[in-house]
Amino acid sequence: MLIQLKGGRVIDPVNNRDGVGDVFIENGRIVGNTEGRTPDEVHDVTGKIVMAGAIDVHSHIAGTNVTLGRQLMPELPMLAAEGGQPIVPSPAALGSYATGIRYAEMGYTTVIEPAMIPTHAIEAQTELAAIPIIDTAGLVILGNDDYTLELLRGGRTKSDELKDYVAWTLSHSKAIGLKVINAGGSEAFKFNARTFDLDEEVPDYGVTSRGIVDAMQKAVADLGVPHPPHVHCNNLGIAGNVETAVATLEATQGLPIHFAHIQFYGYGDEGEKGFSSGAARLMEAVNKHKNATVDVGQVMFGQTITVSGDILRQFDGRRAASPKKWALNQGDGNGTGVVPYHYKSKSFVNAMQWAIGLEIFLLAEDPWRVLFSTDHPNGALFVRYPEIMHLLMDKNERARWLDGVPEAARQHSNLAEITRELTLSELAVITRGAPAKLLGLTDRGHLGAGAIADVAVYTEQKNKTKMFSAADLVFKSGNLVVRKGKVVRVTWGRCYHVEPGFDAQIEKRVKAYYDRYFGADPSWFGVTDAITHRPDRFATIPCAS
Amino acid sequence: MDSTLERAAELLARARFPLFGGLFTDIDGATAALALAEKLGGVVDHAASSGPLRAARVMRETGATPASYGEVRNRADTIVVIGKSPLARDPELLAKLFPGKPGLPRPGKNKRELMLLGLDKPSASKIPKGVPTTAINGKESLPALVALLAAATREGRFEVRDKALCKALDAAGARLRDSAFAVFVYDPAELDEPVLHTVLEIVRGLVKTTRAATFSLASPGNGDGVNLCATWTCGLPVRTSFARKVPENNLWAYETGRLLKSGEADALVWIDALEGEPAERPKDAPKGMPTIVLTSKAAKAGRGDIVIEVGCAGEDHDAALYLPPIAGIGVVKAAKPNKDNPTVADVLNRIAELIDSKGPGKKGAA
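Just so you know, the sequences run in chain order A and B. Letter 276 of the first sequence, counting from 1, is numbered 276 in the working numbering, and no numbers are missing. Each number in the working numbering comes from the position in the second sequence (counting from 1) with 1000 added on.
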């Protein structure tokens, strides 16, 4: 069946397209030349904006850590709704099902869960499979596990074995890429460290955080995994940490790397409050290091919960818990900390965080390397995305919000002086084209012939919050799933992953390791095609080598 | 088979408030039960959920500090077993937590040590070789002993007449303060809520300067797995009702025994399809309660029950279950693959289809 989206303004920066035209869909794909053919279904989208479905590169939507948050705080949607956030006041509103529905209504069609625990990959993948409509993929965490650390002991890297171990872990959990969270910091926490810096050594193992990230970068590059290591740096959330972020960027030696939620690293320690915007310094470094991409991790005011494998940071963060409760899962590898948090517009620090995130977006020279995220739910719940898009595209909206923050925050940030407004094309880059490119999912994020037919149609309006809250039409793999901002058909997406090859010896070694230290067998947590009972659930994307 | 399932579907389509109980099943079975309960506006409970749900409520009120099995086994230098249940339920527990060979690198220089609180020292043969063991017991109740240990750990004042006990508590408090990683092991089914709070407070006091954690015994019948599944599905653990627009969790109101006895539940789907002890079915349900039993065991069916034989998860078919050694959900391969009987999920999903084919479902949760 040939479907025509007729007469809309097509925004497709990947194909240098921004103009009125048609988009054709057939058999779940975008088709190019349809000359002489009569479409079977025509949607008149005159006056509307047509984009590829949006892609979220970093959103905690599934797995042990996320469910620990649900266990700690089932009332989150109710508290968040009180603050006027667009969320149904029901504990189920952040459950798997509602997650897929809400993402689809906003025009999102692919979302990446960025923190699968290797031994808990079955739960993460089962939860991902319970999310309707959107396609998903997971990043698997290494870098604080004893197997890795043993291979890096004393800084003498066993590169071949590490490469095999990374490949095995990616394949075993069906992940699309590797996540490294406060490399070595969680292991140091097990030895009662309460801070951990880039050049500190992991107790007993004697390898530095820098050494771990470096080894992982090389391993992932050697394996040809399209998505570079996805790194959560040391010292998250601490005043003055912009220096850590810049040092980490400089340590990357030109190899591809992705830094997650860098807003949380954009902090200087100047001024009478010892907390200032480091956005300009950070972005100078980001703009210079063209091997690096980042996602922002924008903060929005309101109730949320922070969920992170950076257990050391979360342990420290417990003191600011609001409501006053917290959970620390001292698990294998990274572990997890879950701390409820309420960002307040009247708080100097929170207002600075909010402003710094926007500064980062707006100071980016190359939007292809500065991607959209809130690190859901850490900076803000994903339901807040339309408001952020509004802030990025409308300087008057920013001015209106700035009026509501403390004077000191206005003084200490540079946001008021920035007049840039992102264009629709730039928004399409940071929410579509760039995430697809970064993930190696070249079949999406654009509307060129052959692309998967993930399409979002919006009514252009000045109020961008309204515009992006409810897509007029959303097609997922060619199926019409949303009409006038409401889901009209529930479909089930696919999960993308890589399968880099490895020397089979690693299987024996890993088996012996789990047997000895855990009394467990790796087959227990290996993700197979069978776990979801949907034969086409998993799709492999190729590695370069 | 389909005629039995049709009868079951008819029975459930008529029910106003069906209860999905037992729930001794794998993740697929739990997923299907939750979906059907949601569709019909019913309620879900698990037959071994009292303890874990108390722990869940403590967590919702104030938090939790669990450690994984691997962390306890490899890195804890002081393991405090609280109450009789942990060793009674898992006689191999001490051997697992003290494997007797060097583990992963661990903090501190302390020798690994075992403390037993509220139980007498078992015979030497039951204690792992070479593990220094202290038993702290006496005439005090278990809640009192936990409170006394909390006081001793903080060097607080407490009075007990039993001088030996007093001395043991002081020594235990000192050892805990000196531990690099102390872990408190318990079965939440044995501890009341205030006691769980007290244990958590001991941990929270210790972590100001050192490390500490709790290690809770997994509940029978894949209770932890079913609760996790309920939580990612609807944001809440079991004892949740889908009768209203928003799912509602209530440990008292939606308990199986009460729902049956009061007659509030007007149909029961009893699920018992795992190896090991059967799910304990309440005995005082009203006679004639319309009941569907999904079981892998020789069923003691009531008269009029619709009994559907299903495969045993992990035995007849592969199953995702909560596995304590990985502190999470893993897949257990079928020990003796046998496709004679359907899985719990097969049956419940088919019933859902049959109900759908006869008319729209009642409602779904938000």
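Please note that the accuracy of each hint is not assured.
Unchecked claim - Derived EDC-like pairs: lysine to aspartate or glutamate, alpha-carbon spacing no greater than 16 Å straight-line: (1) Lys1096(B) - Asp1120(B); (2) Lys288(A) - Asp394(A); (3) Lys6(A) - Glu35(A); (4) Lys1139(B) - Glu1113(B); (5) Lys1039(B) - Glu1275(B); (6) Lys6(A) - Asp22(A); (7) Lys1126(B) - Glu1113(B); (8) Lys1096(B) - Asp521(A); (9) Lys1208(B) - Glu82(A); (10) Lys1101(B) - Asp44(A); (11) Lys1109(B) - Asp204(A); (12) Lys290(A) - Asp366(A); (13) Lys324(A) - Glu1275(B); (14) Lys1096(B) - Asp204(A); (15) Lys1333(B) - Asp366(A); (16) Lys290(A) - Asp316(A); (17) Lys324(A) - Glu1140(B); (18) Lys1333(B) - Asp472(A); (19) Lys1336(B) - Glu1280(B); (20) Lys1167(B) - Glu1140(B); (21) Lys484(A) - Glu75(A); (22) Lys466(A) - Glu365(A); (23) Lys325(A) - Glu1201(B); (24) Lys325(A) - Glu1061(B); (25) Lys325(A) - Glu75(A); (26) Lys346(A) - Asp394(A); (27) Lys1084(B) - Asp1120(B); (28) Lys1297(B) - Glu1315(B); (29) Lys466(A) - Asp366(A); (30) Lys484(A) - Glu499(A).
Hints listed in this document are in silico derivations from the structure and should not be mistaken for laboratory results.
Going through the earlier hints one by one, which of them does the structure break, listed in rising order?
-> The structure breaks hints 1, 2, 4, 5, 9, 10, 13, 14, 15, 16, 17, 18, 19, 21, 22, 26, 29, 30; every other hint is satisfied.
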